[in-house]
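Chemist: Residue numbers (UniProt numbering), protein chains in the order written: chain C, 1 to 411; chain Z, 1 to 411; chain B, 1 to 411; chain P, 1 to 411.
One or more of the hints may lead you astray.
Pairs count within a copy or across copies, as identical chains cannot be separated in the list.
Calculated cross-link-like contacts (lysine-lysine; reagent style DSS-like; alpha-carbon spacing at most 30 Å) [as the list claims (entries may be wrong)]:
#1 K120 with K33
#2 K57 with K243
#3 K403 with K57
#4 K243 with K399
#5 K33 with K8
#6 K57 with K255
#7 K403 with K74
#8 K299 with K33
#9 K335 with K8
#10 K74 with K197
#11 K299 with K335
Simulated from the structure, these hints should not be mistaken for lab results.
All values derive from a computational prediction rather than experimental measurement.
4 protein chains.
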Amino acid sequence: MDFSYSAKTADYLQRLDTFMREFIEPYESQYQKENFRLNGTPNWREWQVPPRVAELKQMARERGLWNLFLPDDKLGAGLSTLEYAPLAERMGRSLLAPEIFNCNAPDTGNMEVLYHFGDKSQQRRWLQPLLDGETRSVFCMTEPDVASSDATNMQTTIVADGDEWVINGRKWWSTGLGHPQAEIAIVMGLTDEDADKHQRHTMILVPLDTPGVNIERMLPALGEYDAPYGHGEVIFDHVRVPKENIIVGPGAGFKIAQGRLGPGRIHHCMRAIGAAERALELFIERGATRIAFGQPLLKLGGNTERLADMRVAIDQARLMTLYAAWQIDNIGALKAIKEISAIKLVAPNVLQQVVDETMQLFGGASMCHDTPLPGLLAVAKSLRIADGPDAVHRATIAKTELKQWQGRRHD
Amino acid sequence: MDFSYSAKTADYLQRLDTFMREFIEPYESQYQKENFRLNGTPNWREWQVPPRVAELKQMARERGLWNLFLPDDKLGAGLSTLEYAPLAERMGRSLLAPEIFNCNAPDTGNMEVLYHFGDKSQQRRWLQPLLDGETRSVFCMTEPDVASSDATNMQTTIVADGDEWVINGRKWWSTGLGHPQAEIAIVMGLTDEDADKHQRHTMILVPLDTPGVNIERMLPALGEYDAPYGHGEVIFDHVRVPKENIIVGPGAGFKIAQGRLGPGRIHHCMRAIGAAERALELFIERGATRIAFGQPLLKLGGNTERLADMRVAIDQARLMTLYAAWQIDNIGALKAIKEISAIKLVAPNVLQQVVDETMQLFGGASMCHDTPLPGLLAVAKSLRIADGPDAVHRATIAKTELKQWQGRRHD
Amino acid sequence: MDFSYSAKTADYLQRLDTFMREFIEPYESQYQKENFRLNGTPNWREWQVPPRVAELKQMARERGLWNLFLPDDKLGAGLSTLEYAPLAERMGRSLLAPEIFNCNAPDTGNMEVLYHFGDKSQQRRWLQPLLDGETRSVFCMTEPDVASSDATNMQTTIVADGDEWVINGRKWWSTGLGHPQAEIAIVMGLTDEDADKHQRHTMILVPLDTPGVNIERMLPALGEYDAPYGHGEVIFDHVRVPKENIIVGPGAGFKIAQGRLGPGRIHHCMRAIGAAERALELFIERGATRIAFGQPLLKLGGNTERLADMRVAIDQARLMTLYAAWQIDNIGALKAIKEISAIKLVAPNVLQQVVDETMQLFGGASMCHDTPLPGLLAVAKSLRIADGPDAVHRATIAKTELKQWQGRRHD
Amino acid sequence: MDFSYSAKTADYLQRLDTFMREFIEPYESQYQKENFRLNGTPNWREWQVPPRVAELKQMARERGLWNLFLPDDKLGAGLSTLEYAPLAERMGRSLLAPEIFNCNAPDTGNMEVLYHFGDKSQQRRWLQPLLDGETRSVFCMTEPDVASSDATNMQTTIVADGDEWVINGRKWWSTGLGHPQAEIAIVMGLTDEDADKHQRHTMILVPLDTPGVNIERMLPALGEYDAPYGHGEVIFDHVRVPKENIIVGPGAGFKIAQGRLGPGRIHHCMRAIGAAERALELFIERGATRIAFGQPLLKLGGNTERLADMRVAIDQARLMTLYAAWQIDNIGALKAIKEISAIKLVAPNVLQQVVDETMQLFGGASMCHDTPLPGLLAVAKSLRIADGPDAVHRATIAKTELKQWQGRRHD
């Protein structure tokens, strides 16, 4: 048992830290303003990427801080899930940083799908430009009309017709759909209603300029459009794509999703922990410097106890997430399902709690964009819903625990 | 001891309920869209009131459902704080309703100030049009640069100069400042730094078209601009108003604030409870009708227990608020300070909790404006900060409790 | 709506308060020691009532502070449930007081059963000596072998045989079974397995000296035997009682239980609230006088915030309980089931929370009998289990709420 | 980073597990009864050790499962703090087990003090018989009259007088003081009131048969005497011991305490986690097998969600404790103070929560000794108070966090 980070992780962590301090953090408040100036409208067709973003991406790439999430020696940095996790935490301290290092959701997950499951031609056509950071991608899974926490509810259909697949359905909360560089969506839908529960669904590649892809609107998450990415609602109206756009084959959707979700949840949770650390720093800074009733806020009421509780909650969430990452690397995501659900439950709640308390210290300033807090609250709350709400993960944990107890009992 | 509502309250409650069901609720989703169409921009100078609002106000007035908050037989309905409280709860079920009945914050509080403390001339000039629902008003208290939870921090100055007062300072979160009909602000500032702590501050009437009143921007609260009201940031730059604009006199600010806050907090809390009831209904409706894993959501996991806990929390908060209202009517707001702080602590937290859980059941739909939930979350979180954050009210409760214990001890 | 206590309640409250301050509180720590000396053994057959207790009972009776719980003008004080509630709270501040006023569980509940449902002969034989405080009684309901939270699980049988009923079964947590003056038990059992769910059970009077009543042991609740009452485990082994010992008749058990539980829960909850008030006073007293790190404990960490939260929790629980009492008086216990379940859930949890926090301030002293805290913890935890654990009451609340929602929906 | 246990730990864990399954678990309920028969009286002078205990200790010793806590190759097993931690967890599943392996508090802590700080003669005289499991020892620190959470409050004095030290004072909650084999106490007291805050106190060895050592009583912790150990209250009345009984020297008390507390807290917390695991198993077992309303309890209400939350809480507490152990081994207890306080805060609270919920499922059975639950509750609550209550550890965490933040800020 050893809690120290690997030499490789430690090295990348330091370089990442340096880059973030020198280039990203000083730019953040300007980015906020620029983004508001360029993209402060619900009219997503006008959205643009602030030019400085492309420059920073180029700089990060030149320094080898690029695609660190990808467990491939050549395309990424060859880091294991556990080795990458602390880097995701570091990036999570900034809402801008993940993109600069080409490590932002949903592109990371989509790249992983194409890397692990795409064929050569799909990889050449769609993966390479994503790895180069030149295009952006979308994952279309959640639907408005059914409880998507139960994926078997999914209603979008993918039907074979000659040399093509025809897609019909409505998806929403498809992140990245508003991005000016978004080119491709991975769409999940029903190919065979009568197949076994986990072989009914299929993933298919749909270029966004295909006729019948009708983007209806971008959805604000607690008022945040997250421009220039956006979370879109889209109708697939008799959308036709060639046969070869299918990933793996009909019925492979669930298997791919499973593979996609394991490391993806580690990334989400570690970024959430990084965000919580940042919120905690804001809590301390505000608490130590703002004066009321003749004292710094930290000396009033239960604020020091809050600080202690939040510190302990964050540290526990981090250890739990690193442990889940270690399990993914060692026994695979499927066998680590209890631990993965555990962190998906814990980390976003810790973030929400820390942000909520920090907002209390900031008062009015916490409610508007003068602080990153409303954005962080939207992240926390979104994470508690996306990829299964808290309750679904509690159910998974309990089910697995019960099964393990029954196993022990019959030993 | 008797928990039944007075005949007067019961009668108004029924008429209010009828009006809301017949006219307001059916209009709500259209209002939402119309408001977004007219006012879905941060550029507040373009904001307009949807015409249907004026019609509804007229209809409410004709039916005697007007200014119910005002404890005056002629100008209002002569209801005590306790009698009005259940009506405020009913209105609180809708974000639109309070305005229709001319019972919305901050106008109610401002009207109370003018009613209780304004002189005849101030009442004629400013109160009457507010009572008629023809103008809107603003209360400027919170400042960005100091912890406004400790009101003695306030930095805006009001200095006598000849026949005028000169006001300098910066205020924010001044609700209503973006409203096209906003005409008047009650501004609180420092008149005598050396006076006793509670006699340093003064309230003064500042017409919004006075030179030097520079509105800088509207602030979104968790992304909600609350158009066409808005929460503004404003600079008072050598703003000059005539001597007679002062309310009561120099140094009376705290005394007036105290009087304003008592009933105002009852209103806020009862509306929060009404909002919590509405969110709970959404929770039940969604839980009873949405299917996942072959069951309505309510049958899954701990959802029935959540329902029970929320029901109990809301009922307790309501009783506590009604009790505080009864105390205000019987012993006055000053002596009821512990109970008033208690409800200010409890009610918004209950609302936040209910909204948070309801959002979990709604999933993605909860994050955007397809449901009233993001708006209700912003209300809850704002209420936990405005008029003193939770921590300040906990401190007040503890201080009062300790004082009472010491009193009993020395009996 | 009126939150002031009735004149009758106010008068009794003052007399009760005087009696408790003058006679009970000064005796309490001596009682604790005397009780430990006389009864500090699990061997319940040796238990005795400290002689001072009988004296105090006599004094209370002479002052008319006797059987206040009974809603009968002659036998009690003719107080409604709501009017008695504040007196129960006052008594609840002392673990000894309820007995002194002949208002202790389970005798109150048993007297209510006999008063409302007993026939003349049963009342003469069993009720009168209880009203006189000369005998004690037991209620035998919970069974060790089945989940008694679901009363239909009950396995004890009551079978007719000639002019007698024959009882067989095992009961436990039968409070009062160890008392030297215990004479009579009301036993609930199964008379007709095939009847409708709520007509299977029957209540019957069993004198404790009947052959076949085999008391096995007294059970400590978190180490507390509650001598000289005790909580017993008892076997009914072919116990024969005459036909006339049945209450109302076969199958009436549930109906009687329902009537018994409504006011009984008000009493339990109000006593719990009184106990919580006492614990809160201990919290404040300890916090204000004990010094650590150069400060009274109350000035350290979050202790003032804890104080505030506990004050608010207690006040809300009290109002909720008074409201439930008012409903019992006005619409009956059956229709007030949601509110009764609500207080059964809330009040013991509030007590447990206040006791838990107070123990933290008392440190080591809190764990042993140098403070009343371990006794109060046992009360709280017992109340969270007896008469249905928290989860059962949450289920009742949710079920009722859902039914009411469906009713409103179909209006 | 590696989360797998060392080969050494894995080997011991398996052997320990086998021993516990084969010899300790089957004996536990008999032990409970035997202990009640022999020691079910507050009269501690009659207490005896059940003979089977000595046999089991001998068997454990023969199998090399002895003194595993001691980081010494010869006297113990040469395990690091981190390597021993999982063994402590395993032992913690039983209230009896730690003693069988000579790994029970307070003897472990006392042996560590003598091992690290005792001189040769002290080790020969007092350490050896403890290592052999033939005597038992006591640690006298907490005092009834002052807040012992602030150790500088301590009032017991140790004064030099010729060739002797004279001890005067009152201690309580001295665990093991009732044990028939208890021979020696390590007493902490004040030697120099005017010295620097951390050099005022001294530890000294006091044989329990020294004149003036007056044991007044054993204290029940929530009704548990923990016989035959007991928690004693003792007066030191002009107790005289020879000069050489001092440990290290005058003023070294704090330094020794610091060294004693680091690993000791790991042990306590890991045992608490083991106890929580056992309680969780009881929760699952009861939940899966007990029927109410036609269903196993686990299927009712929020019980599966509770199960999930408890699983996640335990796993996080374990990882946090192992991390703190790793820090103690790598940077020393002093530098790991924040993490040590964190686990002291977290682990006992997790245990209390799990036990509380499990009690709810067990109903009446949970309140008496038919289950281990009251004992586990007393352990949890005691641990939240002993060695500093929760609030003290929150203060330590916040203080350290703030200091670290200031350090980073001035980089």
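Chemist: Indicate, hint by hint, whether the structure satisfies it.
Modeler: Hints and how they fare:
1. K120 with K33: Answer is neither: 41 Å inside a copy and 47 Å across each miss the 30 Å cutoff.
2. K57 with K243: Classified as neither: same-chain Cα gap 34 Å, cross-chain 60 Å, threshold 30 Å.
3. K403 with K57: neither (46 Å within a copy, 35 Å between copies)
4. K243 with K399: neither (38 Å within a copy, 52 Å between copies)
5. K33 with K8: neither (36 Å within a copy, 53 Å between copies)
6. K57 with K255: Neither way: K57 and K255 sit 32 Å apart in one copy and 53 Å across, limit 30 Å.
7. K403 with K74: Cα proximity of K403 and K74: none, with 40 Å in one copy and 42 Å across.
8. K299 with K33: neither (34 Å within a copy, 43 Å between copies)
9. K335 with K8: both (27 Å within a copy, 26 Å between copies)
10. K74 with K197: Neither, since 37 Å and 59 Å both go past 30 Å.
11. K299 with K335: For K299 and K335, the Cα distance is within 30 Å only across copies (24 Å; inside one copy 46 Å).
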